[in-house]
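Number of protein chains: 2
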Amino acid sequence: MPPVIAIDAMGGDRAPGEIVAGACAAVDACDVDVVLVGRAGEIAACIGGELPARVEILDASDVIAMHEEPAAAVRTKKDSSIVRCAEAVRDGRAAAMVGAGNTGATMAAALLRLGRIQGVHRPAVAIPLPVFGETAERGPRFQLLVDGGATVDPEPEWLVEWAEQARAYARIRLDVEQPTIGLLSNGEEQGKGDALRKRAFELLSDVKGFVGNVEGRDLMRRSADVIITDGFTGNVALKTLEGSLMGLAAVVFGVVDEAGTPWAGAAGALKLRLLEVAAPIVPDNTGGGMLLGVQGVCVISHGSSSAAAIVNAVRVARDCVAADVVARLTEAVEHAR
Amino acid sequence: MPPVIAIDAMGGDRAPGEIVAGACAAVDACDVDVVLVGRAGEIAACIGGELPARVEILDASDVIAMHEEPAAAVRTKKDSSIVRCAEAVRDGRAAAMVGAGNTGATMAAALLRLGRIQGVHRPAVAIPLPVFGETAERGPRFQLLVDGGATVDPEPEWLVEWAEQARAYARIRLDVEQPTIGLLSNGEEQGKGDALRKRAFELLSDVKGFVGNVEGRDLMRRSADVIITDGFTGNVALKTLEGSLMGLAAVVFGVVDEAGTPWAGAAGALKLRLLEVAAPIVPDNTGGGMLLGVQGVCVISHGSSSAAAIVNAVRVARDCVAADVVARLTEAVEHAR
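Chain order of the listed sequences is U and Z. Counted from 1, the first sequence has number 1296 at position 88 by our numbering; the numbering is strictly sequential. Counted from 1, the second sequence has number 1506 at position 298 by our numbering; the numbering is strictly sequential.
Fair warning: there could be bad hints in the mix.
Treat identical chains as interchangeable: a pair holds within one or across any two.
[Said to hold, decoys possible] Under the rule of at most 16 Å between Cα atoms (straight-line distance), these lysine to aspartate or glutamate pairs were calculated in the EDC-like manner:
1. K1400 with D1270
2. K1406 with E1365
3. K1416 with D1267
4. K1406 with D1361
In short, the hints are calculated from the structure, not lab data.
Could you put the whole structure together from the sequences, leaning on the hints where they help?
As structure tokens, then:
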């Protein structure tokens, strides 16, 4: 039986239009049933005519905006779309949730309504980064950056919990038998890093697959399958990658446009290649990050998600359900204790 | 009278050959006298014949390697090239020092031999980043990332000391009358960030030119003239920028080479443009980072520095001496207290 995916219809810069369109497209593209959670009237207006087959609406009167303080908003807005989304998973009405709204609120809703996996102190987001120039048969090869922004100021021990879970998740998401794990630091040698990194290095040394410190230049490289960091540094690194690649592409394309030269021959090939390289980091294509550490599947999509991004996020959620990811994560944490 | 610049001849992956070549070239290129500090025999062997005019050698028997623990190495290796370099500045034999070796050791030598500017707790490195697509009359427009890697685990108050100094330094280095200052965080809104950032935001609010939080995607943009962060995050961001831009360029160039297509027409223009964009972040061209907070001019060049990189670093050192940067930084810190 196809799984049911609950989608926060009101979350994201382009909600509800793009989210609703993506959810409807995902039904066939991913072979899932979807529950659109949010203001029923607004959602129905986006759909226009009759509700398509395999799409349901779950009414929720409130919305948590992008700028709201996450924990407070989740506490006070009990009838918000993202809280209701998490409750649909908690109550077994849906097998997974997808949200593109306020990331902190999505995380807080999942955490508070679904609860933590036993032995996990705080959740972390596993963000897939493409590896430069590596294309596997089934598409580009990815690396997982954990934590991409869920938990700032972690204790060193929490990084170990994330590493154990990320290893289990990498097996499924990256299809790698023995994933390697690196600690993002300011130098390769042991002893580099701030207080958090120094202690985390010692603790991670007992984790299978740990290869030691990696650096900023090892992101998007074949350096390690999983790169572990705190949510603050992970967010800065992620946005730095995004900004620099987009910035370079814009300058290159900009100049050629300025010159008015048509793209042909070598230049055409180059443009295609640039787009191909950039494609996997375009939020629409990555499929979103999986929240590790909660008792349910929660996929967090980029705030600027289009319909295509939602389809990809739903696909990740579906695959996580099929692979019974939460059970795998739970085992990984149990096994490590 | 031209200033004397002391150069650590033994520091860097390509020392002493490239460093000595760069130092000799800098004499004419920058109109300075240079003192090459290190093993006299090895330096003389690099030069070959007679010592060129305006070049002196200061013998130092020891070398601190790239992997050594900085503080311990500086304490124990009293006759190392970088320690003697710093002493040359302390003793007035040179007006500034340039080092491309172990960054931590260069910083520690400067800190221990030159001492701190009064009111400064720890030093920070100001790294120039080019702004995408912005070219001023005198070359590319830069942004300063502070701290690029000198001090991990700072107190929030230290970030304010760095901001005050960076503002004074930006006036000189960027030639901007009223530099703006952003705090690198994981979101734009006040309240974003880890504990360090939240407290630093409050304190920075009293600093002239403070524009609030900026994000990873604001690096290399016209977001703020100065971007303040701790040395750990700064190092990660810097290496992430370097890695992603080089990675993208490599993929693009790689493919075109593979195809064997000659660079011509639009593609040729594109390649030049890519190189032009990348040029300012190539370590050879940035001129190195200025160490803020010590009582002397210390310019830290990239570990992979070539002769050209050394010439650029010497130029930065010379300009800092000419602008009496240390006095400006001292005033900035005094004025803020």
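Now for the hints, and whether the structure bears them out:
For the identical chains of this complex, K1400 and D1270 are neighbours neither inside a copy (47 Å) nor across copies (23 Å), given an alpha-carbon limit of 16 Å. For a Cα distance limit of 16 Å, the shortest separation of K1406 from E1365 inside one copy, 12 Å, qualifies, whereas the shortest one across copies, 23 Å, does not. Taking the shortest alpha-carbon separations for K1416 and D1267, neither the intra-copy value of 45 Å nor the inter-copy value of 48 Å comes in at or below 16 Å. Proximity of K1406 and D1361 under a CA criterion of 16 Å is satisfied in both settings, with 15 Å inside one chain copy and 12 Å between copies.
This entry does not satisfy hints 1, 3, going by the numbered hints stated previously.
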